[in-house]
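The numbers in this note's numbering rise by one with no breaks, and the one at position 23 of the sequence shown is 1450.
Hints were generated in silico from the structure; no laboratory data involved.
The model shown is predicted, which means the values in this text are computed figures rather than measured ones.
Ideal Cβ placement from N, Cα and C applies to all residues, glycine included.
Hints may contain errors.
Unchecked claim - Here are the computed distance ranges between Cβ atoms for each label pair:
| no. | residue 1 | residue 2 | range |
| --- | --- | --- | --- |
| 1 | D1500 | Y1449 | 19 to 27 Å |
| 2 | V1443 | T1517 | 16 to 24 Å |
| 3 | E1518 | V1443 | 27 to 35 Å |
| 4 | A1516 | Y1449 | 33 to 41 Å |
| 5 | D1451 | G1507 | 12 to 20 Å |
| 6 | W1514 | L1436 | 13 to 21 Å |
| 7 | L1459 | A1503 | 12 to 20 Å |
| 8 | S1431 | A1516 | 16 to 24 Å |
| 9 | A1457 | Q1477 | 29 to 37 Å |
| 10 | E1518 | N1447 | 14 to 22 Å |
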Amino acid sequence: AGGSHNLALKPEGTLVAWGNSYYDQLNFPAGLSNVTAIAAGAFHGLALKQDGNVVAWGANDYAMATVPDGLSDVAAIAAGDYFNLAWNATELSWRGDTTTMAKPRFPSA
């Protein structure tokens, strides 16, 4: 659930959304399919597709609805009010304050 909207993942890998759409957070891309996970921020949404790519929509004040170039092979996603997290095999990526930070997935000794 986001700030004033909800997203649900249907068994066939498509979405349904309801609530307020002040920032188009209900307007996920037409034809979005093969979704395996979803996350909702305050006024934006994320979908993780079966191929490891991420789709984002809604408010973009802090670039939270802009998927970073080169982000691929994602295994998990999460969204906060104005930021996103995406994990792949090698790093944790953070998007939210108009920057993208990539950190090693596991700390070094």
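How does the Cβ-Cβ distance of A1516 and Y1449 compare with 33 to 41 Å: does it lie in that range? holds, 36 Å
Falls inside 29 to 37 Å, the C-beta gap from A1457 to Q1477? violated, 18 Å
Determine whether the Cβ-Cβ distance between D1451 and G1507 falls within the hinted range of 12 to 20 Å. holds, 19 Å
CB of W1514 to CB of L1436, is that within 13 to 21 Å? holds, 18 Å
Looking only at beta-carbon atoms, does the pair E1518, N1447 fall within the given range of 14 to 22 Å? violated, 34 Å
For S1431 and A1516, compare the CB-CB distance with the range 16 to 24 Å and indicate the outcome. violated, 35 Å
Range hint 12 to 20 Å: satisfied by the CB atoms of L1459 and A1503? holds, 18 Å
T1517 and V1443 - C-beta distance against the hinted 16 to 24 Å: 33 Å Cβ-Cβ, so the 16 to 24 Å window is violated.
Quick check: does the Cβ-Cβ distance between D1500 and Y1449 fall within 19 to 27 Å? Given about 33 Å between the Cβ atoms, the range is violated.
Assessment of proposed distance window 27 to 35 Å (beta carbons of E1518, V1443): holds, 31 Å
Violation of the numbered hints given earlier is confined to hints 1, 2, 8, 9, 10; the remaining hints are satisfied by the structure.
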